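Read top to bottom, the protein sequences are chains A and B. Anchor point for the first sequence: position 256 equals 256 in my numbering, and the numbering is continuous, going up by one each time. Anchor point for the second sequence: position 116 equals 375 in my numbering, and the numbering is continuous, going up by one each time.
Since the hints were derived computationally from the structure, they do not count as laboratory data. The model shown is predicted, which means the values in this text are computed figures rather than measured ones. All C-beta atoms in this analysis are idealised placements derived from N, C-alpha and C, irrespective of residue type, glycine included.
Calculated pairs, BS3-like style, for lysine-lysine (alpha carbon to alpha carbon, straight line, at most 30 angstroms):
hint	chain 1	residue 1	chain 2	residue 2
1	A	K153	B	K406
2	B	K385	A	K153
3	B	K406	B	K385
Coverage of chain A stretches by chain B, computed from C-beta distances (three or more under 8 angstroms per stretch; other residues unrestricted):
hint	segment
4	148-160
5	169-182
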Amino acid sequence: MTRLLKNSLVRFSLGLAAPVALLLLWSAQAEPEGARSLAFASLDAIAAALVQLAASGQLLRDALVSLSRAVTGLVFGGVLGMAVGIAMASSPLVDRLAGPLYHSIRQVPLLGWLPLIGLWLGNGDDARLLIVSLAAFYPTVLNTYEGFAHVEKRYLEVGRLYDFSPAQRFRHILWPAALPLVLTGIAQALAFAWIGTIGTEILLGSGSGLGVTMATAQAQQRVDIIIVAICASGLLGFFVNHVLVLLRRQILRWQGAHQ
Amino acid sequence: MTVQPHIAPARPPATQPERGALTIRNLSKSFQIDGAPFQVLRDINLEIRPGEFVSIVGASGCGKSTLLRLIVGLDTDYDGEIHLDGQRVTTTSLDRGLVFQDHRLFPWMTLEENVGLALLNTDIPKHRRAGVVAEHIALVNLTGFEKAYPHQLSGGMAQRAAIARALAASPKLLLLDEPLGALDALTRIHVQTELQRIWMQQRSTMLMVTHDVEEAVYLSDRILIMAPNPGRIRRIVEVDLPHPRERGSAQLHRLRDEILAELTGAPVTRSLIPFPAKETHS
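Assemble the whole structure, with the sequences as input and the hints as a guide.
Next up, the structure:
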């Protein structure tokens, strides 16, 4: 059995089994005469919706709006998160001042801020950007802090032997030593920012974006459009994460293949 | 290895100013362990001449590594005095290099970047630095591996690279803290030979801590035997044999047995069959 599992064709077919079963089940539910035909859409209808959304340019526009929203939030939250993480790891005073606040605010689920932020900033892009930035901020702070706080003392001693200035110490030791964890933080931040983007788009529901389209389609009972938007958000998330994995491998090539 | 009875220093001492004279007077060091002071080193007195190769052997916990950390300036909390060429040691300096047991090359940098780090704060002009780096990589026979990352080097190569980095800044005094301790027996012998060649070529003062009495006897002009609790110098042995030395020489073996006996407290027995060197920890 285990030997059979090593065969790549067998492995591929096995991996395909569950999705195919799910699709068959879905199609059966979506039969036009079926009791649940309203809650499901036939594969034909979904394909038609895809063609329509793609042809009108709405799909591309939605994808770009959502993506740029997530990336903007990632940049804001990520840069600020790195700065705060580095400051907390390098200064016990900053750690004492900012640490408890950071760790208690972090306990509030992200979307829990939405009512308050909506009240302050309205239901527009500002509120969404703030939530998405916050989503990216948390994991970046946490991982950057861990990375910088645990740089090995033995490397810092080498810096002392060669009379490193604080700037040289940062550039040649602290930053590269912390980089693997910082990049882990960025990858988590991206996943969080993507959740924040789609989530706020669905909940605030104005303007455009994949989430907005989902919310509108829900109101219009267009299951086919919802499915297309869900697939698009999944594929986009996968694609951006993959780019990040490739970047990480390139940046951390000094780690060697075993890590 | 060819036998050469007496070999002149690679550079005549006249062209080089006397440098690398280490003087240690009444050095003591204590740690606080659970609130109680624990003396690691007591009353160390030592003079090392410029260009001399001195080894320190002794049981674990006799403060050998602590002594090196004090001399290099990584730890400055001590009683007594440490002077290098008349200057009191107060902090780390490019005058004093240190090779650790673990190579401590930065894994995120290539070999040549690692060696180049040692030159960052020297007054060697920028345009000459690449040449100095290449020269020192060649000195430890690693030419061709300039672009390799540390994980791509074997243990022996990485340790030679660490020696190149330490020498690149031309320290007056090079301290070696069990530099070959983590290497397998064959690699260790190979790097020992390299180290002897490098020292003969550079003639900088070297002070090495080692567990390996044979290594100490092979490389050193003098050997300090230290005793633990508290760490102190028990005896200083002169190895009055010319370099480069013949590893199989009977004199070296006799000296090794004598020092091992001193360390283990066993009587010196002259056996016809030489016993393999054994290391014991007290």
